[in-house]
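Make one complex out of these two single chains by using the hints.
Chains as they are written, first to last, in the numbering used here: chain A, 893 to 1007; chain B, 22 to 137.
Hint data in this document are derived by calculation from the structure and do not stem from the laboratory. One or more of the hints may lead you astray.
[Said to hold, decoys possible] Simulated DEER-style distance windows between Cβ atoms:
no., chain 1, residue 1, chain 2, residue 2, range
1, A, P932, B, T34, 19 to 27 angstroms
2, A, Y931, B, R85, 29 to 37 angstroms
3, B, G37, A, L912, 42 to 50 angstroms
4, B, S59, A, H974, 23 to 31 angstroms
[Stated by the list, open to error] Below, simulated DMTMM-like cross-link-like pairs (lysine to aspartate or glutamate); rule was C-alpha separation at most 25 angstroms, straight line:
no., chain 1, residue 1, chain 2, residue 2
5, B, K99, B, E65
6, A, K999, B, D78
7, A, K950, B, D124
8, A, K999, B, E65
[Unchecked claim] Sample of chain B residues lacking proximity to chain A, with all beta carbon distances greater than 10 angstroms (derived):
no., residue
9, E35
10, K36
11, N83
12, Q101
Virtual Cβ for every residue (Gly too), placed ideally from N, Cα, C.
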Amino acid sequence: AQSVTQLGSHVSVSEGALVLLRCNYSSSVPPYLFWYVQYPNQGLQLLLKYTSAATLVKGINGFEAEFKKSETSFHLTKPSAHMSDAAEYFCAVSAYGGSQGNLIFGKGTKLSVKP
Amino acid sequence: GAGVSQTPSNKVTEKGKYVELRCDPISGHTALYWYRQSLGQGPEFLIYFQGTGAADDSGLPNDRFFAVRPEGSVSTLKIQRTERGDSAVYLCASSLTGQGGTDTQYFGPGTRLTVL
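Only chain B is shown next, with the shape it has when bound in the complex (with noise of 0.2 angstroms):
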């Protein structure tokens, strides 16, 4: 079946735009996670969804980060008035329940932000 997919796969952008990125979780999964990844750096924890409430939004870096998932399923992660230092691959991940030892977070492929 299909897998977590995240469009666009590249977003260029220029300081002070507002941008959106897309996650499309695969079917059923009711966790939602957004991570971001520097370069050499391993991802870091945004924001957590347990179907359309985030459970724990304790890593987004400031107020200019938000991510929504209205019906359950689709997210999207908005931020405005973007800084050089939001350049960065957010990746985007999906589990059945989000609980427990058996659930599995599956990743998508990831969006290669670049703020000139």
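Only chain A is shown next, with the shape it has when bound in the complex (with noise of 0.2 angstroms):
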């Protein structure tokens, strides 16, 4: 069964500084990741995708995700955090694999970044 694990329930970072956000996931066929930002009171929002192509994914707003089979791991990055990047961040994974279906989701991290 697929599941996602997100360590860290809330990371504080300084406006400048570099944002990681840390997804682990299991799955028992080759897996579809995904990062959603979720701004208060609005939906949840695409950054980026893993569908098996290159691993280093690029998405909006200058984050990237790196797609690392032998660990387990599609950690979040941005080399400078904006205060604008203040929000709830979800790691999912397909829950079938390359047939999207649903997705199953992490339980979140919320970054706030300071003056």
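Below, the structure is given as structure tokens:
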């Protein structure tokens, strides 16, 4: 069965600092992996996704994530945090691998950015 | 173009009442998903429609929950005999085909359900 674990329910960084949000997955099939962002009172927005092509995936707003099969990880990074990055971030894995179907989400990591 | 819309945005009801939550997907999207997000948790899958039919309803917690999509567009999630534990944000998402790596789920803003 597929599952996702996000390490750290809350991460705080200073503006301009590196952002690193951790996600580890478990999957019995080659996974499709996703990062979504949720701003207050808004719906989930896709940041990026891994679908077995390039292992380094670039997304919107300067975010990127690297798929590491040996570590079963898909950590999200951004070189320099902006105040506007403050939001909650969710890692997800497709329930059935290549055929998307439903997604299985982690519990989320709330990112705070200090001026 | 218009995204996924959900109505109402907030719903307060009393324990034991019946509620309906509506989702309008992006036009032309054949796949539609319902998720439930409890406080402090990630979204949890409820049901997935491919066209008019429920392709996977394994996430529905019990028989008080039911969803329909009669014309393959708008969907309604129905909850009977609501319980306080049903309080959550109910999210709807749609995608073009529901298949393959190029398909992306687009989420609506959610309906916040509060059962008193």
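Here is what the structure says about each hint:
The hinted window of 19 to 27 angstroms between P932/A and T34/B holds, with their beta carbons roughly 24 angstroms apart. The supplied range of 29 to 37 angstroms is met by Y931/A and R85/B, whose beta-carbon atoms lie about 31 angstroms from each other. As the Cβ distance of G37/B to L912/A is approximately 47 angstroms, the hint placing it in 42 to 50 angstroms holds. Between S59/B and H974/A the CB atoms are about 29 angstroms apart, so this pair conforms to the stated range of 23 to 31 angstroms.
With a CA separation close to 17 angstroms, the supplied pair K99/B and E65/B stays within the 25 angstroms bound. With a C-alpha separation of about 22 angstroms, the suggested pair K999/A and D78/B falls inside the 25 angstroms cut-off, and the hint holds. Proposed proximity of K950/A and D124/B is supported: the alpha carbons are some 17 angstroms apart, at most 25 angstroms. A C-alpha spacing of about 10 angstroms is found between K999/A and E65/B, which places the hinted pair at or below 25 angstroms, so the restraint holds.
Look at E35/B: its CB is around 25 angstroms from the nearest CB on chain A, clear of 10 angstroms, so calling it non-interface holds up. Here K36/B stays apart from chain A, with its beta-carbon at least about 26 angstroms from theirs, past the 10 angstroms limit. The non-interface label for N83/B is consistent with chain A: the shortest C-beta to C-beta separation is roughly 18 angstroms, beyond 10 angstroms. No Cβ of chain A approaches the Cβ of Q101/B within 10 angstroms, the least distance being about 23 angstroms, so the stated non-interface status holds.
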